[in-house]
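Those protein sequence lines, which keep their order, are chains A and B.
Okay, so the first sequence: first residue is 1 according to my numbering, each after it adds one.
Okay, so the second sequence: first residue is 1 according to my numbering, each after it adds one.
Mixed in with the good hints there might be a few duds.
[Claimed, not checked] Which chain A residues face chain B? A few, computed with CB under 7 Å, are given here: (1) 62; (2) 105; (3) 107; (4) 120.
Keep in mind the hints are simulated off the structure, nothing from the lab.
By construction, the Cβ of each residue, glycine as well, lies at the ideal position given by its N, Cα and C atoms.
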Amino acid sequence: MEYEKLQELNGTSWKLAIKTFKLDKKGEYQLYSNKRIRDFSSCVGKTNMITLVKSIASAYTPPQDELWRKNTEFEDNLLLLMEEKSKKDKWLNLFFRYLLWNISFIDVVLKSRQNNLLIRTLQAEKIDVSEILSLLNKIGIKEVK
Amino acid sequence: MEEEELARILKHSYSLVLKTKLKYSKYKNEFNIDSRTKIKNLGMALRQFDNPKASFLHFIKYATYSLPRSRLHIGDTDFLTPLLKAIQDIENNAQPNSDYKHEIEQLHYLTGYASWTMDSLVSIFSSISETEINDAVKRMLKTEFAIINEPFPTDINDKIIKWYNKAKSGTRKDYQRRR
Chain A
1 MEYEKLQELN GTSWKLAIKT FKLDKKGEYQ LYSNKRIRDF SSCVGKTNMI
51 TLVKSIASAY TPPQDELWRK NTEFEDNLLL LMEEKSKKDK WLNLFFRYLL
101 WNISFIDVVL KSRQNNLLIR TLQAEKIDVS EILSLLNKIG IKEVK
Chain B
1 MEEEELARIL KHSYSLVLKT KLKYSKYKNE FNIDSRTKIK NLGMALRQFD
51 NPKASFLHFI KYATYSLPRS RLHIGDTDFL TPLLKAIQDI ENNAQPNSDY
101 KHEIEQLHYL TGYASWTMDS LVSIFSSISE TEINDAVKRM LKTEFAIINE
151 PFPTDINDKI IKWYNKAKSG TRKDYQRRR
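Based on the provided sequences and hints, a complete structural model is requested.
Here it is, written out as structure tokens:
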């Protein structure tokens, strides 16, 4: 894969990784289910990939008082991306790998309050730091400045 | 590879090693490093793509994935920070319009040197008596740095001994606490 294409893939994986974080009623962030993301990734390469992904997403129905758990924004964004790249299995497989790595990294960094490590990593990967920080702030994660 | 570059890589490799968690087993009288395999495996990430610049980026991705997962460990075993500093240094010294082949070679040297150093130090600490350790570490550093015409790195030597003492005294404290 060419560098520019990998760079675009990586940027997309960062933006979507942030969308897997959601604040609960107590104002603490919760992560989208890692298992469900792995389920989505296992659909890559299948002829009915989009139908399968839609059925996995719709199968999850949290109880009425826990509706905040349903992260439709992330699911919708992921679905759009998978439709757009439906013929690019290699791209999607790598995208899912980076997505899971980024989620896990953001989680560790937030829990350990190592904001400078996140910023240093984004800089090393040539990712727009201000854009990522503003996305984090947008979903209510104010710890990273 | 220029001598100056090798010297920089060698120093970065020690910064990386000294951020890992050295553990001492009093029962086995043996030392070990928790993240040894993680650092050794970093080099594999450089073989993922034919395009060197893409491999360089993938190496950074893989390194963040290899970060210790536990938030309890991130503070004192944060080997990602010295690794990112080394990466930044390599990029800052890259030729304009570099195709990154040379930068990839430097990352290979960095992970290779860090792996060898970890193996050597663990072997020194585990196999010889406490009174001989200081001399053995000095001898190793003196030989490595003299080859590339660099002065003896007193700071690195002191940090290695401190790292060793911390691992040993940590075990003593744990042992006393358990009793």
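Quick rundown of the hints versus the structure:
Residue-level restraint check for residue 62 (chain A) is violated (minimum Cβ-Cβ distance to chain B is 27 Å; threshold 7 Å). Because the smallest distance between the Cβ of residue 105 (chain A) and any Cβ of chain B comes to about 5 Å, under 7 Å, the interface hint for this residue holds. The closest approach between the C-beta of residue 107 (chain A) and any C-beta of chain B is roughly 9 Å, which is over the 7 Å cut-off, so the hint fails. A hinted interface residue such as residue 120 (chain A) counts as satisfied when its beta carbon comes closer than 7 Å to some beta carbon of chain B; here the least separation is about 5 Å, so the hint holds.
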